[in-house]
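Chemist: Chain by chain, the residues:
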Amino acid sequence: MRAARPSLESAAMRNAITLAAGVVPNDGWVAAVGVPSLGVLAAAEAGLALDRLVFFAAPAAVWGTVAIAAVDAFDVVVLSVPARPRAAEVRRLAGRARERSNTVIAIGPGAAAWGGEVRLVTSAVSWDGLGAGHGVLESCRVSIEVDGRGSVRPRQVDLVL
Amino acid sequence: MTTPTRTVVVWWDDWSVVVAGRARDPVVVVANNKVITVSVAAYAEGVRVGMRRREAQGRCPSADVIAVDEGADARAFEPVVAAVEELCPRVEAVRPGVFAFAARGPSRYFGGDAALSAQIRDVVIDAARTQLGVETGRGPGVGVADGNFAASLAARAAYSASDRVLVVPTGRSAEFLAPMPIAAIGDAAIADVARRLGLRTLGAFAALDASDVVARFGAPGVAAHRRANGLEVRALAPREPPPELAVDVIFDPPADTVDRVAFAARGLASELADGLAARGLVATALVIEVETEHGERRERRWRSEGTLDARAVAERVRWQAEGWLTDVAQQVDDDEPTAGITLLRLRPDEVCDHEASSRSLWGGSTEAGERVERAVARVQGLLGPDAATTAVLVGGRGPAEQVRMVPWGDARSVDAVRATAPWPGRVPAPSPAVVPADPVAVDVLDMHGAAVRVSGRGELSAPPMTIVGPHGVDRVTGWAGPWPAEERWWDVDGRRRRARLQVRCESGAAHLCLIEGGRWRLEASY
Numbered sequence: 001m002r003a004a005r006p007s008l009e010s011a012a013m014r015n016a017i018t019l020a021a022g023v024v025p026n027d028g029w030v031a032a033v034g035v036p037s038l039g040v041l042a043a044a045e046a047g048l049a050l051d052r053l054v055f056f057a058a059p060a061a062v063w064g065t066v067a068i069a070a071v072d073a074f075d076v077v078v079l080s081v082p083a084r085p086r087a088a089e090v091r092r093l094a095g096r097a098r099e100r101s102n103t104v105i106a107i108g109p110g111a112a113a114w115g116g117e118v119r120l121v122t123s124a125v126s127w128d129g130l131g132a133g134h135g136v137l138e139s140c141r142v143s144i145e146v147d148g149r150g151s152v153r154p155r156q157v158d159l160v161l
Numbered sequence: 162m163t164t165p166t167r168t169v170v171v172w173w174d175d176w177s178v179v180v181a182g183r184a185r186d187p188v189v190v191v192a193n194n195k196v197i198t199v200s201v202a203a204y205a206e207g208v209r210v211g212m213r214r215r216e217a218q219g220r221c222p223s224a225d226v227i228a229v230d231e232g233a234d235a236r237a238f239e240p241v242v243a244a245v246e247e248l249c250p251r252v253e254a255v256r257p258g259v260f261a262f263a264a265r266g267p268s269r270y271f272g273g274d275a276a277l278s279a280q281i282r283d284v285v286i287d288a289a290r291t292q293l294g295v296e297t298g299r300g301p302g303v304g305v306a307d308g309n310f311a312a313s314l315a316a317r318a319a320y321s322a323s324d325r326v327l328v329v330p331t332g333r334s335a336e337f338l339a340p341m342p343i344a345a346i347g348d349a350a351i352a353d354v355a356r357r358l359g360l361r362t363l364g365a366f367a368a369l370d371a372s373d374v375v376a377r378f379g380a381p382g383v384a385a386h387r388r389a390n391g392l393e394v395r396a397l398a399p400r401e402p403p404p405e406l407a408v409d410v411i412f413d414p415p416a417d418t419v420d421r422v423a424f425a426a427r428g429l430a431s432e433l434a435d436g437l438a439a440r441g442l443v444a445t446a447l448v449i450e451v452e453t454e455h456g457e458r459r460e461r462r463w464r465s466e467g468t469l470d471a472r473a474v475a476e477r478v479r480w481q482a483e484g485w486l487t488d489v490a491q492q493v494d495d496d497e498p499t500a501g502i503t504l505l506r507l508r509p510d511e512v513c514d515h516e517a518s519s520r521s522l523w524g525g526s527t528e529a530g531e532r533v534e535r536a537v538a539r540v541q542g543l544l545g546p547d548a549a550t551t552a553v554l555v556g557g558r559g560p561a562e563q564v565r566m567v568p569w570g571d572a573r574s575v576d577a578v579r580a581t582a583p584w585p586g587r588v589p590a591p592s593p594a595v596v597p598a599d600p601v602a603v604d605v606l607d608m609h610g611a612a613v614r615v616s617g618r619g620e621l622s623a624p625p626m627t628i629v630g631p632h633g634v635d636r637v638t639g640w641a642g643p644w645p646a647e648e649r650w651w652d653v654d655g656r657r658r659r660a661r662l663q664v665r666c667e668s669g670a671a672h673l674c675l676i677e678g679g680r681w682r683l684e685a686s687y
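Which chain is which? The protein sequence lines are S and W, in order. Each residue of the first sequence is one higher than the one before, starting from 1 at the first, in the working numbering. Each residue of the second sequence is one higher than the one before, starting from 162 at the first, in the working numbering.
No wet-lab data here; the hints were simulated from the structure. Glycine included, every Cβ here is placed at the ideal spot set by N, Cα and C.
If you anchor each label on the Cβ, the simulated ranges turn out as follows:
no., chain 1, residue 1, chain 2, residue 2, range
1, W, Ala350, S, Ser126, 50 to 58 Å
2, S, Glu89, W, Asp435, 25 to 33 Å
3, W, Arg215, S, Glu89, 50 to 58 Å
4, S, Asp128, W, Ala380, 54 to 62 Å
5, W, Asn193, S, Ser101, 35 to 43 Å
To list a few chain S residues with every Cβ distance to chain W over 12 Å, as calculated:
no., residue
6, Gly22
7, Ala88
8, Glu89
9, Arg91
10, Arg92
11, Gly110
12, Ala113
13, Gly116
14, Asp147
15, Arg153
16, Arg155
17, Val157
Here chain S stands alone, though its shape is the one from the complex (with noise of 0.2 Å):
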């Protein structure tokens, strides 16, 4: 999951609380790695158990220590991934996901370093509901580049969240 510029951030960022709602099963785990900066309030908004969320730490030094323990026992991961993160890590990270069939919605500035089955780039976003000094952000629209591997097709999609 990536934003195709900066000032797209907060729209991945949507996005992958989006996505962790709609894929974490009912009483399901999330653990949010990396990513202190997650809005609480939009995840509740999205549907998601605040007491099911969990909140890790990842200092660079034990990044790949702290996913792994989040991967092993978590249903969804927001898994905020490293500039430049060690291929090994990142390998071992990817091949125990797919053993335990979870979800890692990998984000951040190395996202493109994780090899996952689908790849998201948010290349557009527009809000709806606000005019020049009145009205209040209501919905927005986003563009996401989606292209992945085996039958993934590339394609654009226009969502409403």
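Fit chain W to the given chain S structure using the hints.
Modeler: Below, chain W alone, put in the same frame as chain S:
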């Protein structure tokens, strides 16, 4: 049949209020929106324990509502228990404000139950007064009866006696209990069913046949039935716990903060619970023991009305550590050596068979939950308790203010009133997806390139045109607000005037900008 131990219970029901230094005022202490302690003045206005907060405020509008602070209550209580322990051995703390001990020896020494009770009452009030230095109000009630349950009820009933002491003669506990309302049984589920069956007093419940009770209510019913009959519940299966169940942890370097002890206690408490569970036991009384680097040993027995699970144990260790460590800190003033804690040991003092109600059977813990628990323990072990947190919504205006991060394992307690109260000036949903911990400074400029300001009346000096921030210059294509937030305007030092502005930019980004003291920051992004 074993006769129950003659027991003294000291029950200080408005302890939290006394600790807060408000014994004379109408004060209501709430937890989770329910009243848990009422001051004498508020009680006179008709406020009762268990009421909803709103109802309590309706009965007594002048009452101050304060949130419970169990840490402070326990910290202040420790020296009180210690003072009593100088007179009587084996004092058991039940919770802050309540403790119990066996009457037999001390009673003979002081010349009877009544004399002992009066003596203890005075010692407790004295200790509380010197410790807290505040008005102690009417003080505790002291009850003496056969068995812990009857003595507890006697202590509460003692408040209606002029000397706050109630002694139930030996062998008369069942008689004393009979007219008590069924709600006093100490098990809400059983009380509820019994009431609907038309059993309105403990006596009516006690008169049931024991085999009928076990058929209808199972093991908890048997315990309740024995209590109602004035018998010792624990006589069911009193066991000497095997010594190898004790667990300990050594601190090197010595722990001198409550947090460190409390954190270690969590792991230790689950270790203890695992050890007990493996033998099908639960603890009903527990000794918390510490050693300091100067070789002092201190211990305190804690008794639970129910059973002590890992969380309850960890909580009690925390309370205890607060009491002991503040004690140590006070000694510094007296030029005495300070000492950190070098050893913490938890020793089950009384165990009984685990009833058929296994936790997972009732949905208490699941396999997935245990996996998560282990993962969290690993990360917290590596990086400290703050490395794994969950969020609690606490109410407020800005997106960051509304959230409090709680380390995993700590109580996710919420002031429900604050969380659900209306917050004028709160920006409506949808909420921002990114809320940085340290918002970056930005410039919000009008068409002339001058900084946009917000007047005291909450009006913008000019429509915003551009935002200059970390991603460069972005043109504003839409905006709303400002939402002014004037907080604590009555408080000269604490007041803050802020305003928030929602903006949408050409790049597609949307932000929540916050102005305070003439400076804009990017508080959050949508």
